[in-house]
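S.K.: When you get a sec, could you build the whole thing from the sequences and use the hints?
Heads up: the sequence lines are chains Y and R, in that order. Numbering follows our numbering, in which position 101 of the first sequence is assigned residue number 101; successive positions increment by one, without gaps. Numbering follows our numbering, in which position 131 of the second sequence is assigned residue number 131; successive positions increment by one, without gaps.
Heads up, some of the hints might be wrong.
[Stated by the list, open to error] Calculated Cβ distances over 10 Å to all of chain Y for the following chain R residues: (1) Pro14; (2) Arg15; (3) His61; (4) Asn64; (5) Leu79.
[Stated by the list, open to error] Over 10 Å on every C-beta distance to chain Y, these chain R residues come out as not near it, computed from the model: (6) Phe34; (7) Arg36; (8) Gly59; (9) Ser74; (10) Asn101; (11) Ala104; (12) Lys106; (13) Thr109; (14) Arg110; (15) Phe111; (16) Val122; (17) Val127; (18) Thr134; (19) Phe135.
[Claimed, not checked] Cβ-to-Cβ under 10 Å is the rule here; a few derived chain Y residues that face chain R: (20) Gly120; (21) Leu123; (22) Val124.
Hints listed in this document are in silico derivations from the structure and should not be mistaken for laboratory results. Beta carbons are placed, not taken as given, at the ideal position from N, Cα and C, and that holds for glycine.
What follows is each chain in one-letter form.
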Amino acid sequence: MASTSAATADVTERAGSSRGGGRLYRGDLGMWSWVLHRITGVATFFFLFVHVLDTALVRVSPNAYDRAIELYKNPVVNLMEVGLVGAVLYHALNGVRVMLVDFWSKGTKYQRGMFWTIVGVWLVVMIPGAYFMLQRTITDLFGGN
Amino acid sequence: MALTTEQPLTIDKPRSSGRPAARRSNFELYSWLFMRLSGLLLVVLVLGHLLIMNILDDGVHRINFGFVAGRWASPFWQLWDLAMLWLAEIHGTNGLRTVINDYARKDATRFWLKMLLYTSMVLILAVGTFVIFTFDPNIGD
Ligand code: HEM
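M.R.: Listed below in structure tokens is the structure:
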């Protein structure tokens, strides 16, 4: 696409940004933020499907529910939960950014800055968040008492 | 599809005469708006849910049947969970509808994927709503 000659289209090429003959659109920051938004949204949707069904076990018996929830306390699954929270948090923050781009008159001007802002917020929440989520698993695994 | 140099990379302006005005419904507009309104509510509902269930106070390790019973004893959390269930499920389903529209190449594939999607939505909404409304803390006795 980037090899299209400038005479036929008003598309500006970013100099030096296309290797490999420039046939593959490798995107700008906005494309990657969108790719991540889509992947995290779809992943969360599939998780929601499973999660409503496992919670439905409270209607079967306390025992059935407790056994299912035990699974969530498994160290590997616990780590996946950190991934899930991180994915949902990114999707939520980027969703707000998308809305600001859509509705705020200066949104498009600051979209790039807003992206780095949400990356910052994400780190500030996830670092202590991951610590709290994994604390118990780590002390259980590697002892102490 | 590879773009050849013969094709200009432009399309007509929205209201130019070369472009058919026919637009039978505003469904996509409402869907677009719904993604944003539900998203705004979900920020509070979902992030609040994750914070309480996964991060605060030993997170997932303190969850069991008794914990759920304690929360659903309050209409506030019942309503919270009900709103979250419906908004997230419809938001997610509508998002996946867009994804299917983007990637399914054949009409038949697109149709059946969407049928599967809508079936799963109805199932999840029905099961989830039923569980919230009929939860019985004494079911084990
Ligand atoms: C937590 C707050 C959330 C916010 C602020 C939010 C925001 C948004 C917005 C604004 C869009 C539209 C993007 C666009 O039109 O380009 C979107 C798309 C989407 N969302 Fe969410 N969302 C949230 C939660 C969720 C949840 C819980 C799920 C899963 C059940 C989900 C699944 C999706 C999917 C699958 C899409 C479509 C992605 C695409 O078309 O690329 N979202 N979200």
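S.K.: State the violated hints by number, sorted upward, taking the hints as numbered earlier in the document.
M.R.: 3, 4, 7, 8, 17, 18, 19, 20, 21 and 22
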